[in-house]
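Undergrad: Since each chain sits alone in its own frame, please combine them into the complex, following the hints.
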Amino acid sequence: MVYRTLPRWVWPTGGLLLAVAGAAWLLQADLAARRAAFDTDARIVHRLLSQQAAQHDAMLATLTLLQPGAATASSSPETRLAAVYPQVLQVLRRSDSETWPAPLARAEAESAALRRPVLAGADMARGQFTLVQAGTPASFALRIDAAAAVPWADWPLPRDGPVRTLLRHGDASWVLQPGAGEATGWRLLAEKRLASDSQPFTVVVTRALGIGELPWARLLLWCVAVAAAAAALTAWQRQRETARRSQELLRLGQVGRLNALGELAAGMAHEINQPLTAMLASTQAAQRLLDDTDDDGPDLATVRRALAQGAQQARRAAEVVARLRRLVQPADTAATQPLRLADTVHSVLYLLAPQVEAAGVQTELHGLDDAPAVLADPVALEQIVHNLVNNALQALAAVTADRRRLQIDAAAAGDSVRLTVRDSGPGFAPQALERAFEPFFTTREGGLGLGLSLCESLATGMGGTLAARNQAAGGAELTLTLPRAAPVAPAPA
Amino acid sequence: MNQTPLIHLVDDDPAVRDGLALLIGTVGLRVMPWAHPQAFLDGFDRDAIGAIVLDVRMPGLGGLQVLEALRAQGVDQPVVMLTGHGTVAMCRRAFKGGAAEFLEKPVDDQQLLDALQAAVRQHVRSRQHHRADREARERYAQLSPREREVLGLIVGGLTNKEIGRALALSPRTVESHRAHLFGKLGAPTLAQLILRYAQLVEDDAAPDA
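Chains as they are written, first to last, in this note's numbering: chain D, 1 to 493; chain P, 1 to 209.
Keep in mind the hints are simulated off the structure, nothing from the lab.
Beta carbons are placed, not taken as given, at the ideal position from N, Cα and C, and that holds for glycine.
Please note that the accuracy of each hint is not assured.
Claimed, not checked - Take a look, some chain D residues computed to stay more than 12 angstroms from chain P by CB distance:
id: 1; residue: P137
id: 2; residue: T302
id: 3; residue: R305
Stated by the list, open to error - Short derived list, chain D residues pointing at chain P, Cβ under 8 angstroms:
id: 4; residue: A266
id: 5; residue: N273
id: 6; residue: T277
id: 7; residue: Q284
id: 8; residue: A285
id: 9; residue: V356
So here's chain P without its partners, still in its complex pose (with noise of 0.2 angstroms):
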């Protein structure tokens, strides 16, 4: 998050990658070019944020083939495909595969860029919003079980002397849970909890359902 975007560039010619690096560059991302699909498979950077750009046509192995083992491997940047002459066919492949543009060569520098940009921002927001994920789920796991069904309870919209009447507590036992709760989530306002954790609340409750 601390880096600038990262652009992985595929093509085996390297007029064209030189071109195309070039063009990117003058937006502030950074580029890498790789010349064979195969090395550029076993050896690129698959944490860091950016987008990957691939040419159809290489020797050995294609564009669409590298697409697939990208979605087979689970990695999640974004791709651009590039092609010299696209087909219905292929196009239709592409998007299958998961490919986030297919532009035709020779590329326009704005319809390419703002492709990239595009895909960069859809990458970032993918990766923010996994790992709010992942931080709500690890606060979520610290919750005592009571809390949980205080917590249940709360985003179900009782007040404290309704959870105490269904829990059997004094406004008092549930007061303190809740206290304990907001801040072992780390949340400063209702709303907030509410709208981090209800979905997570409803998850727990519905295999007990």
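Isolated chain D (complex conformation) (with noise of 0.2 angstroms):
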């Protein structure tokens, strides 16, 4: 089996990616943000300013056309407009008799010829201009001051906020907002003209973004979020791989352990098929010669020497039966000790809960705590109760989930104690029962037939005994018995 692996920098460099791609869609999406709203206060921007500009045609259009006279001082007009428009400075009257200087001349002779005001000259530096409208009998103008004109009331953006606007007119420009000044960074930039004739400025409206106005706590937040994830997946990966690689390590001990004993099996095959090749051979030669009705009869010095060769042969194929079972023989001695069968099943009990819980196993456990501690290897005695316990939960993979039932009892019976393991599973056929602790007899697909045959092994090394017998009610019932630890208690008087 090839397991495929992500290499260990995929998940690193994928976050870096991530955070780097995510960080530029943030940045580019808090732009684009900005840039919206900011174009939105440079039109509401032009459309005041506009407004005003279209308001100063109107009081000189109205002007020219009501034709105030200069008869009294009091009803003067520029008084009474520059108490109600504060930014009108002045305004001019020429009547017929009068001439203005130069650039007022000029200004209406434009006016007259084009009909609608115009611009007489800007003060930039100041922010004042004076508009003109020719007329008859009278021409008037209007001086105004634009810093007066600015509707700061329905103004959209704050007075000494960031943004910078000024009024241009040729090279020169009037500054309504200073704004924070060129930060290094990003600038925003919007210009239009005012929507005027008579004022041909053009608002232009700058905001200049600092490094320090960018989303820094959403960017840090999700770099943080994104090298977590990374982190977290390495971590899963690595524990991943961690937990192949112990079950690969197992799985190959299986498999090692299973080619050891083929090679086992192979080289006892040749070890033995030796010897009862020469024997079958030899004998069957003596039998031949024997049959053999020659004129002087059977050549009888032959068929001794192969009679004697085939016995020396079956002698040599036990010799060899006997150094593997030296071979593999567990030591004669076991080390046994006292042992608490409970503690034996519970670990085994526990080693199996996987197994037992997802076959939904229903478990019942009878006595174990009042039984008497036993005489055993713990781990023989392990080794047994796991193979009872796993055979068990084989045979009720056969049944139903509902009828899974695994029932281990344990009972003192004279020097002995008695564990008792039933499960409600299909029990053992006939046959099957007759040759449970034969070596190499299986009724499992694959199975080795080693299990049962080595448990009764152990349990005889430690003086015990194991017996399998059908319950029934159906089911299987193995039973292990096994000596004592404590001397029987005397009987209670």
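TA: Below, the structure is given as structure tokens:
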């Protein structure tokens, strides 16, 4: 089996890319939002200033139309206009008899030709300009102070905010709002001429975005989140690899054991086959020699030699078997010690808990805590109990989940203690029951047929026994009998 | 041919060697036991009639390797393989390598002896076949070109008269050639002649065609 694992650098690198991409998107979105807000503000600014310009045009048009006379000084329009409109610094009136200085006169002539107000000059440094409209009998001119014309009440931007607003006329410009100055970073800009032919000023709105205004908090939060995710995924991957590796090791170990077993079987087959071959050949040769009906009868000397060789080869085979037994037999003197069956059973059930739960097996324990201690080798005992419970679980796989019951009982029986493992599975087939403890006998697909055989050997080695039978109600019952650790307590009086 | 067939028995186990040798001897076959495969390869008589019994599992040179070496050297003795635990792959390899038989140890006497006798018979037949073949070739080589032409037409089923017409010879001349070639080829009858030489004539004519 080949496990394809992601390289370790995947999550950190992916995280880095994701962080950068996300940050770029956040910045871009932030910038877009700021630009949209800025554009809206700039549009409002342009509209408000254009309205003011239109108002100036309307004032002049009204003056020219109504021709308020210069009869009374008290009714002089400039005083009244200036009172109502703070931006009007001065109203100039020229009757037929008067003449205006050159700039005004030139503008008046132009106004007469265009039939609309005309700018007669602008002092952008001070934010003042003069509008002229020719009329009969009198022409009028307004000196406007732009600073007073700004409708701060409706202004969309804070006066001391970061946005710089100015009115440009030719090369000169008058600053409405100084803004925050030219910071490093981005610069937003909106330029538009006022919607007035008489006041050809361009509204210029700029906004400098400083490094400090970037959405640092959100960026930081995003990066931290991505880093945490990458770290979590890396850890998860590492953990999964570790789990997989240990599984692989386990599997390898099993395969290794099976291979070793196969090698052992092959070697054994050869070691035993050689004497068997010689034995068979010799004895069959002897038979043939005896059957030989030649003139001078069978060659008895050769027959004798053949039979002697056969016998010798039989002894050789027996020796091979004995050597093998010595090789694989566990030490005779098992290191027995007093043990509580309850401890062993609980430890085995703990080990097999995943299988027990997965199969939904109902487990019942009886008498384990009250049973006397047994004299056994802890490893061997655990091996036996593990095999018995494992076998029971395998048998239970053959019945429906609601009928899966596992019952483990312990009870004293004279000098011994009996541990019984019962399952509600299909039980042993009659033939299988007879051969249950036979090595290499198995009813399980792919089973080695050594489990129960080994258990019996281990039990016998510890001075105990292992018995198998079917319960009356069906299901297998395995009984392990082990010597009791403490001497039998005197019968109660 | 005048000797009893010789069975070469190659197995590193002395007991197996002795037992099998004894068994094989009971049917009147001579046995030559070999303990070492290399010694066998170096020393056995390649001309003798017989067969070879090879154990698959031997230290140093395994039976399958010996089998391959024999085939590479063009040895024609049939080989019977013996193995303690044969696998399908091993069996396939053995037959691919030209083994006549593949038997499992411990082998039953009848099975082994039948296999050996069949192998020996096969060997004898193939040797005879080879010898007859060689003899016919030698005799055929003695014919004159004209006699070969006449032989080709005889084998083709033509009568003397037809042969004379085909080769622009008088029937008497054809008759004389005919008598000569029968004598040279040592064929007592027309049927024998055709049986032994038809193939040779055909092989000879093929390159010219």
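Undergrad: Give a verdict on every hint.
TA: Hint check:
no., hint, result
1, P137, "128 angstroms, holds"
2, T302, "7 angstroms, violated"
3, R305, "8 angstroms, violated"
4, A266, "6 angstroms, holds"
5, N273, "4 angstroms, holds"
6, T277, "4 angstroms, holds"
7, Q284, "4 angstroms, holds"
8, A285, "4 angstroms, holds"
9, V356, "40 angstroms, violated"
When each numbered hint is compared with the structure, violations occur for hints 2, 3, 9.
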